[in-house]
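Trainee: Start from chain P and add chain E according to the hints.
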Amino acid sequence: MKLKSRHLLGLDGVSKEELTLILDTAASFREILDRPIKKVPPLQGKTVVNLFFESSTRTRISFELAERRLSADVVNFASSGSSVSKGETLKDTARNIEAMKIDMVVIRHSAPGSAHFLTRVLDANIINAGDGWHEHPTQGLLDMYTLREKFGTLEGLRVCIVGDITHSRVARSNIFGLITMGAHVSICGPTTLIPRDMEHLGVKVYHRLEDVIPEVDAFNVLRIQLERQASGLFPSLREYHRFFGLTKEKVAAARKPITIMHPGPINRDVELSADLADGEHSVILQQVTNGVAIRMAVLYLLGTTN
Amino acid sequence: MVLKASLSDFDGIGGFFCPQGIHMKTTKVIDSESFRRTVNRLAHEVVERKKGTENLVIVGIRTRGEHLARRLAKKIEEIEGKEVQVGILDITLYRDDLRGRLDQPQLKSTEILFDVTGKEVVLVDDVLFTGRTIRSALNALTDLGRPALIELLVLVDRGHRELPIKADFIGKSVPTSLKQEIRVLMTEIDHEDAVVLLETEGDGKESGQ
Chain P
8 MKLKSRHLLG LDGVSKEELT LILDTAASFR EILDRPIKKV PPLQGKTVVN LFFESSTRTR
68 ISFELAERRL SADVVNFASS GSSVSKGETL KDTARNIEAM KIDMVVIRHS APGSAHFLTR
128 VLDANIINAG DGWHEHPTQG LLDMYTLREK FGTLEGLRVC IVGDITHSRV ARSNIFGLIT
188 MGAHVSICGP TTLIPRDMEH LGVKVYHRLE DVIPEVDAFN VLRIQLERQA SGLFPSLREY
248 HRFFGLTKEK VAAARKPITI MHPGPINRDV ELSADLADGE HSVILQQVTN GVAIRMAVLY
308 LLGTTN
Chain E
2 MVLKASLSDF DGIGGFFCPQ GIHMKTTKVI DSESFRRTVN RLAHEVVERK KGTENLVIVG
62 IRTRGEHLAR RLAKKIEEIE GKEVQVGILD ITLYRDDLRG RLDQPQLKST EILFDVTGKE
122 VVLVDDVLFT GRTIRSALNA LTDLGRPALI ELLVLVDRGH RELPIKADFI GKSVPTSLKQ
182 EIRVLMTEID HEDAVVLLET EGDGKESGQ
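Each protein sequence line maps, in turn, to chains P and E.
Going by my numbering, the first sequence opens with residue 8, and the numbers climb by one from there.
Going by my numbering, the second sequence opens with residue 2, and the numbers climb by one from there.
Here chain P stands alone, though its shape is the one from the complex (with noise of 0.2 Å):
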């Protein structure tokens, strides 16, 4: 069993097979990073470029240690202060690059289907981490994995996305994994943030928070991001924290305890109130710890194929 593409580039299209695949492998790789010595040596020889050109602190530095601690051989480049602050394309920066000899790269771009062109320019394995609106693979993945652990099974979880669904591509990649692995999902969010029709995609939509407190097992909680508020989608951080911002009064009326997820960076008190993201039921630290190892077995299946 191996994964069908070469790259990693969304969770849309990926089989429930390969998805079982990954969350397994990381399974195996969770258990190192308890471990006193974090390091084994599949990756010995292989060098991984990581491009970040929007900034980043969780997934950059969760990628470097899962490249690290697979062996593999580490460049980190941030777009300030290269040659694309002085008008490099793309395309040029990344064959570049590749020149060098690399064999895999993961990149962060603005730019949806950024990481889908370079696989058309290198033959280095792609790895998305993040490009524009569209997909955040290893986040869905790492989300997954965790609800997993929590609940022993995806399998008709019920769980919902809360926030600003249209400028995501956590929630999108959610929503297209937990959905292959049968799992019930809703978003949640004022309607100015969410697109239209997302029904299609197979997710309950819902307005109001008490609406679906009631109906989930997991909330998935999305940063709002501030400068949206300047172009005008929510009136003000307050109302959206009235209206959206999950808190320990508004769960409370759920007959089970609801998980708490967040991707971070998190605003405390906007979109979660700080008791539930430092409370007992919530996992956002294990998503963390999760997503190092979840980065470990994309790179190790997709590094160790010919």
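Everything labelled a hint here was simulated from the structure, so no lab data went into it.
Backbone N, C-alpha and C fix where the C-beta goes; we use that ideal spot for every residue, glycine too.
Some hints could be false.
Simulated coverage check for chain E against chain P, where a stretch passes if three residues somewhere in it have a Cβ under 8 Å from a Cβ of chain P [claimed, not checked]:
1. 94 to 100
2. 104 to 110
3. 144 to 158
Simulated DEER-style distance windows between Cβ atoms [unchecked claim]:
4. 161/E / 80/P: 31 to 37 Å
5. 149/E / 19/P: 50 to 56 Å
6. 118/E / 165/P: 41 to 47 Å
7. 42/P / 75/E: 23 to 29 Å
8. 13/P / 112/E: 29 to 35 Å
9. 84/E / 87/P: 30 to 36 Å
10. 103/P / 160/E: 28 to 34 Å
11. 237/P / 112/E: 50 to 56 Å
12. 288/P / 179/E: 58 to 64 Å
13. 98/E / 244/P: 52 to 58 Å
14. 96/P / 190/E: 40 to 46 Å
Mentor: Okay, now just chain E, sitting in the frame of chain P:
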């Protein structure tokens, strides 16, 4: 005992592939009775040479080494009346042929729930062949800590070493040619306990690790 058998008699032989209808020569080197006796003898040998179970841990290499390790531990507990810790080692990440292969071996977890540092480890595998698996296992094991001592126990030594590795405890030495293949069957995963020698067409080293 030499017999002609069709492959369908060996459904339990994991991973072995051959077109249907081809008849091949198979020899049972160890049957279920002598399998049991061999494991018992190995357990006694370990206890005798170690002078007890002080500091002793048994680590089996997935998949059949794991089951062999459990049986040995159980037998040693019977003999000595003391519990022996068992660990399972997955060597997939340490293989030296990870990249050359068309299929990808399924990665499983290493389950060693104790600190190996300072322990006397008996590493257990079913067949000792090129020695490459053991090389991988030694690297995997030393990445977990610094054992006081590592010894190797195998059920079958079939020769053809490619690395300077030898076993400390051997169930049975079976001289083989490279055209032959050794299969260890265990009731935990197969339908019987046995060691079988198969005649194959190709170079046995292709699937040797």
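Trainee: Evaluate each hint against the coordinates.
Mentor: Outcome of the hint check:
Coverage of the segment 94 to 100 of chain E by chain P holds [criterion: at least 3 residues with CB-CB distance below 8 Å; count 4]. Counting residues of the segment 104 to 110 of chain E whose beta-carbon sits less than 8 Å from any beta-carbon of chain P gives 6, enough to reach three: the coverage restraint holds. Only residues whose beta carbon comes within less than 8 Å of a beta carbon in chain P count, and the segment 144 to 158 of chain E has 3; three or more means the coverage holds. Against the hinted window of 31 to 37 Å, the Cβ-Cβ separation of residue 161/E and residue 80/P comes to about 35 Å, which satisfies the hint.
The hint said 50 to 56 Å for the Cβ distance between residue 149/E and residue 19/P, and at roughly 53 Å that hint holds. Our hint of 41 to 47 Å for residue 118/E and residue 165/P holds, since their Cβ atoms are close to 45 Å apart. Between residue 42/P and residue 75/E the Cβ separation comes to about 27 Å, which falls inside the hinted range of 23 to 29 Å. Under the hint 29 to 35 Å, the C-beta atoms of residue 13/P and residue 112/E, about 31 Å apart, fit the expected range.
For the hinted restraint 30 to 36 Å between residue 84/E and residue 87/P, the CB-CB distance of approximately 59 Å leaves it violated. Checked against the hint of 28 to 34 Å, the pair residue 103/P and residue 160/E fails, with Cβ atoms roughly 52 Å apart. Restraint check, residue 237/P to residue 112/E: a C-beta distance of roughly 53 Å satisfies the suggested window 50 to 56 Å. Restraint check, residue 288/P to residue 179/E: a C-beta distance of roughly 59 Å satisfies the suggested window 58 to 64 Å.
Evaluation of the 52 to 58 Å hint for residue 98/E and residue 244/P yields a pass: the beta carbon distance comes to about 56 Å. Range check, residue 96/P to residue 190/E: Cβ separation about 55 Å, and the 40 to 46 Å hint is violated.
Going down the numbered hints, you'll see the structure goes against 9, 10, 14, while the others check out.
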